[in-house]
Amino acid sequence: MRIGLFATCLGDTLFPDAVKATAVLLTRLGHQVAFPPGQTCCGQMHVNTGYQREPVPLVRNFAEQFGDPSIDAVVLPSGSCAGSVRHQHGIVAERYGDAGLVDGVAKVRAKTYELSELLVDVLEVTDVGAYFPHRVTYHPTCHSLRMLRVGEKPLRLLRAVEGIDLVELPEADACCGFGGTFALKNAETSSAMLADKMRHVAETGAAVCTAGDSSCLMHIGGGLSRIASDTRTLHLAQILAATRTSPYALAEAAR
Amino acid sequence: MSSTFLGMPAAPPRSPYGTGNLRGEQKFPKAAHGELRNEQLRSNLGKATRTIRAKRLAVTGELPDWERLRDAGSAIKTDTMNRLPELLEELERRVTERGGTVHWARDGAEANEIVTRLVKATGSEEVIKVKSMATQEIGLNEHLEAEGIRPHETDLAELIVQLAHDRPSHILVPAIHRNREEIRRIFLKEIPGVDPHLDSVPAHLAAAARAYLREQFMTTKVALSGANFGIAETGTLSVVESEGNGRMCLTMPETLISVMGIEKVLPRFADLEVFLQLLPRSSTGERMNPYTSMWTGVTPGDGPQEFHLVLLDNGRTAALADKVGREALNCIRCSACLNVCPVYERTGGHSYGSTYPGPIGAVLTPQLAGMHAAKDDPNSSLPYASSLCGACFDACPVKIDIPSLLVELRHQNTEESGTTAEKTAMKAAASLMKRPKLYTKAQKASRAGRLMAGKDGKLSHLPPPFNGWSATRDVSEPPKQTFREWFASPEGQAELRAAAPQDDEGKEEDR
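Residue numbers (my numbering), protein chains in the order written: chain A, 1 to 255; chain B, 1001 to 1511.
I should point out that these hints are in silico values taken from the structure, not numbers from a laboratory.
Cβ coordinates follow ideal geometry from the N, Cα and C atoms, glycine included.
A hint or two may mislead.
As the list claims (entries may be wrong) - Pairs of lysine to aspartate or glutamate, EDC-like flavour, derived with a Cα cap of 16 Å:
#1 B/K1047 / A/D196
#2 B/K1480 / A/D17
#3 B/K1027 / A/E188
#4 B/K1030 / A/E188
#5 A/K185 / B/E1422
#6 B/K1323 / A/E94
#7 A/K107 / A/D72
#8 B/K1047 / A/E171
#9 B/K1030 / B/D1377
#10 B/K1221 / B/E1125
#11 B/K1399 / B/D1079
#12 B/K1444 / B/E1485
#13 A/K185 / B/D1376
#14 B/K1221 / B/E1273
#15 B/K1189 / B/D1166
As the list claims (entries may be wrong) - Per label pair, the in silico range of CB-to-CB distance:
#16 A/A99 / B/R1268: 28 to 34 Å
#17 B/R1497 / A/G151: 33 to 39 Å
#18 A/A99 / B/G1018: 43 to 49 Å
#19 A/M1 / B/A1075: 39 to 45 Å
With the hints as constraints, model all of the structure from the sequences given.
Right, dumping it as structure tokens:
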């Protein structure tokens, strides 16, 4: 399958390792990864902050970059960006776009998937041949859980990882407090939510807290770093990309 | 036949600025600042919301048709809003036929005047009250007091709030921010003739309130209530409650005056079948609430012999005129969204500054009272008081898509608020991101952040507006190479080739 990879602006610029891992994983599974170089940002931050006119060119660019019929599916290593493409691009296109954009958005939306959806629903694989001999806890992230309804898919992928010690995160479905510009506009409330999330992460004794969204991980990881926690954050793709022959060097990576 | 130009229909009015309880003193982040430091509040709210959440999940999970009930509730409410005028007129006809009197109030001020006039006509200087959100919204108690009429709240939690000269902080549990020791002290100070040795055992506190309230039920001639439902088909009003104090108010006085928001009307009596399942299970986590009172006009020789229904608009028609925002009018005030909201759980209800707190309050309040009635209107901060986590949407018994409404109201706010620094930044960001080459350059420029980072590769102090972030969170320095640079590089392509299955075709097609 020819899979279009949308790196997301955050992943491309600040967390490239998660996107690399996505590309490596899909290649290892025998698929061809296409990276349209004109891609930038999905516009989620704009829409969630109340701006719907400004992201029109971003919505159009996404539809153009990935509308190519030779791309069978589009993958986003981010639940919230996938959620934006699926739920918000249509709203923006209908309100401030044109008929062509509405049509383009609908076509690309139908083949857009978050990573765990692509693996489990489209590629029909749960054991991706990964090896990760560490204690891991999984934070489901709100938009993966409640907007995309990925359900157990990421956990099914993680349970199939060789050597993993997967421990349940208490109150896993609670928001970590990120919420995009919410973390800036309501920084104190956000911090209070983060403090509870970090307490639950600490209770698991996990070496790694993982999730399917670099933005939530940036938030949780930023907090864990501040309190000098032994737990670090890693994107789900980085765990799934690790193998016996090419293992993830956890100790070295922990800062 | 001639035609007369009647002009464009005027936009329906919001709740007038400066009246009622639909606007706080300060914006949400500032109001939350103090509440977040209130350990007692945090602990009470954490315990209470967790308990109610678990109970709600148990009683909604046991119904095989719960999701279909939610669909039915949503459909009935949507149908109601689509033909609100005819349903309200039908309700008026039925109530009038059965001996009641219907009054129409455009806003809270009108409703307050109508109620005051009706109470004065009875000669009574005191009224007993059933717990009611609508009368809280319009500030009826304050108005009555100014007119020399003493309102007595009879719901235990409302009584606690009233005696403490406080404000409710939760739709269902108005005194959720108080613990029993605080309640003991309030009772000792405010209830005349209370046992000075009163302890803080909940049953003893309830008994003290009961003795105090009984006296009022027996002597007061006028009662005020809200309504959970008003049935157009029959003219029946209904109040659901737990304590029975509402039942006392609805049956014992000579005169009953009910203030009902116009969105509370339901088409058919049979619709109660759906809502009397949805409401208690979502609200208190009970299969059925202990008391469901229904009354239709006046029944000779039984209950109040004079009945008035005040139909309250107060911004509801304005909300109805918004084709996206109107969904908030479907709310049945169960408070399930408050109990699952991570923001409400930490900030409490007072931070919202409105009778309606929590996720539904953040979408309902700005629609009823507006977001731009004054410069820096506190209501304009409410749609941002959410991380958009979506827990409220999942919990809502009538499936109100609160996260989408929040995003919509944020958009309306940015559209109405002219040029701001944020808007300029958002335009700049979008303008950069729509040009891939410029975007790539900006990515490279962001590496300047590496110079600001400490030896550990972390940035711990950021300038405004990012300082709130860096108060509790580090930021990793930008990496040396973006993903797109890696993908385009020979090393990147070599890494992908190495990862590809060796015995497969198509391993190095894309470059």
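Verification of the hints:
no., hint, in the structure
1, B/K1047 / A/D196, "14 Å, holds"
2, B/K1480 / A/D17, "11 Å, holds"
3, B/K1027 / A/E188, "14 Å, holds"
4, B/K1030 / A/E188, "10 Å, holds"
5, A/K185 / B/E1422, "11 Å, holds"
6, B/K1323 / A/E94, "14 Å, holds"
7, A/K107 / A/D72, "11 Å, holds"
8, B/K1047 / A/E171, "14 Å, holds"
9, B/K1030 / B/D1377, "13 Å, holds"
10, B/K1221 / B/E1125, "9 Å, holds"
11, B/K1399 / B/D1079, "14 Å, holds"
12, B/K1444 / B/E1485, "10 Å, holds"
13, A/K185 / B/D1376, "15 Å, holds"
14, B/K1221 / B/E1273, "33 Å, violated"
15, B/K1189 / B/D1166, "14 Å, holds"
16, A/A99 / B/R1268: 28 to 34 Å, "41 Å, violated"
17, B/R1497 / A/G151: 33 to 39 Å, "34 Å, holds"
18, A/A99 / B/G1018: 43 to 49 Å, "46 Å, holds"
19, A/M1 / B/A1075: 39 to 45 Å, "40 Å, holds"
The structure fails to meet hints 14, 16 from the earlier list, while all remaining hints are met.
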